[in-house]
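Q: Residue numbers (my numbering): 379 to 670.
Please note that a few of the clues may not be correct.
For lysine to aspartate or glutamate, the following EDC-like pairs were computed, each having C-alpha atoms within a straight-line distance of at most 20 Å [to be verified]:
#1 Lys-487 - Glu-391
#2 Lys-597 - Asp-475
#3 Lys-657 - Asp-471
#4 Lys-487 - Glu-457
#5 Lys-487 - Asp-471
#6 Lys-649 - Asp-606
#7 Lys-657 - Asp-493
#8 Lys-657 - Asp-454
#9 Lys-645 - Glu-608
#10 Lys-597 - Glu-476
#11 Lys-649 - Glu-603
#12 Lys-487 - Glu-388
#13 Lys-382 - Glu-476
#14 Lys-382 - Asp-606
#15 Lys-649 - Glu-608
#16 Lys-630 - Glu-660
#17 Lys-649 - Glu-660
#18 Lys-382 - Asp-453
If you're looking for bench data, these hints aren't it; they were derived computationally from the structure.
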Amino acid sequence: MRWKGRERSENVEDRRGMSPRMAMGGGGSILAILVVLLLKWMGAPAPLQQMAGQVVQQQAQQRQAEPGPGAGVDDDYREFIQVVLRDTENVWDRLFDEQVQGGSYTPPKLIIFSDQTNTGCGMGQAAMGPFYCPADRQVYIDPTFFEDLARRHRAPGDFAQAYVIAHEVSHHVQNLLGFSDAVNQVRSQGDELASNQASVRLELQADFLAGVWGHHAHKEYGILEEGDMEEAIQAANQIGDDTLQMEAMGYKVPERYTHGTSAQRVKWFRKGLLSGRLKDCEQLFSVPYESL
Numbered sequence: 379m380r381w382k383g384r385e386r387s388e389n390v391e392d393r394r395g396m397s398p399r400m401a402m403g404g405g406g407s408i409l410a411i412l413v414v415l416l417l418k419w420m421g422a423p424a425p426l427q428q429m430a431g432q433v434v435q436q437q438a439q440q441r442q443a444e445p446g447p448g449a450g451v452d453d454d455y456r457e458f459i460q461v462v463l464r465d466t467e468n469v470w471d472r473l474f475d476e477q478v479q480g481g482s483y484t485p486p487k488l489i490i491f492s493d494q495t496n497t498g499c500g501m502g503q504a505a506m507g508p509f510y511c512p513a514d515r516q517v518y519i520d521p522t523f524f525e526d527l528a529r530r531h532r533a534p535g536d537f538a539q540a541y542v543i544a545h546e547v548s549h550h551v552q553n554l555l556g557f558s559d560a561v562n563q564v565r566s567q568g569d570e571l572a573s574n575q576a577s578v579r580l581e582l583q584a585d586f587l588a589g590v591w592g593h594h595a596h597k598e599y600g601i602l603e604e605g606d607m608e609e610a611i612q613a614a615n616q617i618g619d620d621t622l623q624m625e626a627m628g629y630k631v632p633e634r635y636t637h638g639t640s641a642q643r644v645k646w647f648r649k650g651l652l653s654g655r656l657k658d659c660e661q662l663f664s665v666p667y668e669s670l
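Given the sequences, and given the hints that come with them, work out the whole structure.
A: This is the structure we're talking about:
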């Protein structure tokens with residue numbers, strides 16, 4: 379995949395090395411209150427209590443304003459993520475302008491983190507893999523997932539990694555287009571099987587949209603090299619529900635699928651990559667479930 383030295387997105391925040399508390403930017407106010415209470419208990423004069431509280435608060439604010447440990451780290455993962463995210467911004471901005479009536483694309487922010495971080499959807503864990511949080515409209519990625527993708531899932535390659543990023547950004551696209559709301563409505567009814575099937579439709583649609591992105595990114599920037607398409611297809615094939623269930627349990631439970639089978643994920647990613655037609659994503663919510 380051709381990505382080195384290309385334009386990068388500015389919508390990336392690097393939290394690697396930061397504790398969840400640091401990522402929240404909290405703690406200063408609580409510490410100031412505790413200091414003031416301690417001085418008051420010791421009988422210190424009121425002006426001294428006030429001054430001490432202000433000093434502690436200012437120091438806490440200064441620490442929060444300082445760049446986190448990951449800030450300024452210009453490693454390959456960060457550059458790669460920034461370049462791919464910038465491509466998604468350019469492609470989706472144009473497609474929304476051309477094909478979504480009255481729509482404009484507002485890009486998500488992407489958070490690079492390590493181990494765990496606070497999100498609008500609760501505590502995000504690296505073990506969850508990359509994910510999109512609709513509550514804060516941000517994508518979260520621990521880059522060690524890419525190593526796991528290559529080693530444990532046998533899906534190496536930069537375009538395999540780009541597919542993962544594009545898939546998560548596609549969840550943001552679905553959020554903007556209203557598909558996520560439709561699925562949440564099904565989930566709210568409490569029918570587990572219907573909820574799982576709606577989730578499968580949503581995930582396969584995100585695979586399709588990731589393919590649409592790849593189609594237009596290559597058309598506009600010539601990003602694909604020989605073997606790249608196979609890399610992404612291998613990634614999609616290795617993270618299907620049936621494959622993961624067989625690895626974990628030794629058998630399959632189709633009723634519990636939430637992301638689709640390996641064959642389905644490959645099928646819909648390939649469809650998007652070959653066609654590039656955004657409107658075709660509506661098929662995922664119109665065809666019978668058995669035909670996905």
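Q: Evaluate each hint against the coordinates.
A: Results for each hint:
| no. | hint | verdict |
| --- | --- | --- |
| 1 | Lys-487 - Glu-391 | 8 Å, holds |
| 2 | Lys-597 - Asp-475 | 17 Å, holds |
| 3 | Lys-657 - Asp-471 | 15 Å, holds |
| 4 | Lys-487 - Glu-457 | 15 Å, holds |
| 5 | Lys-487 - Asp-471 | 14 Å, holds |
| 6 | Lys-649 - Asp-606 | 16 Å, holds |
| 7 | Lys-657 - Asp-493 | 37 Å, violated |
| 8 | Lys-657 - Asp-454 | 34 Å, violated |
| 9 | Lys-645 - Glu-608 | 13 Å, holds |
| 10 | Lys-597 - Glu-476 | 16 Å, holds |
| 11 | Lys-649 - Glu-603 | 19 Å, holds |
| 12 | Lys-487 - Glu-388 | 9 Å, holds |
| 13 | Lys-382 - Glu-476 | 29 Å, violated |
| 14 | Lys-382 - Asp-606 | 15 Å, holds |
| 15 | Lys-649 - Glu-608 | 14 Å, holds |
| 16 | Lys-630 - Glu-660 | 28 Å, violated |
| 17 | Lys-649 - Glu-660 | 13 Å, holds |
| 18 | Lys-382 - Asp-453 | 12 Å, holds |
Violated hints for the displayed structure, listed by number in ascending order: 7, 8, 13 and 16.
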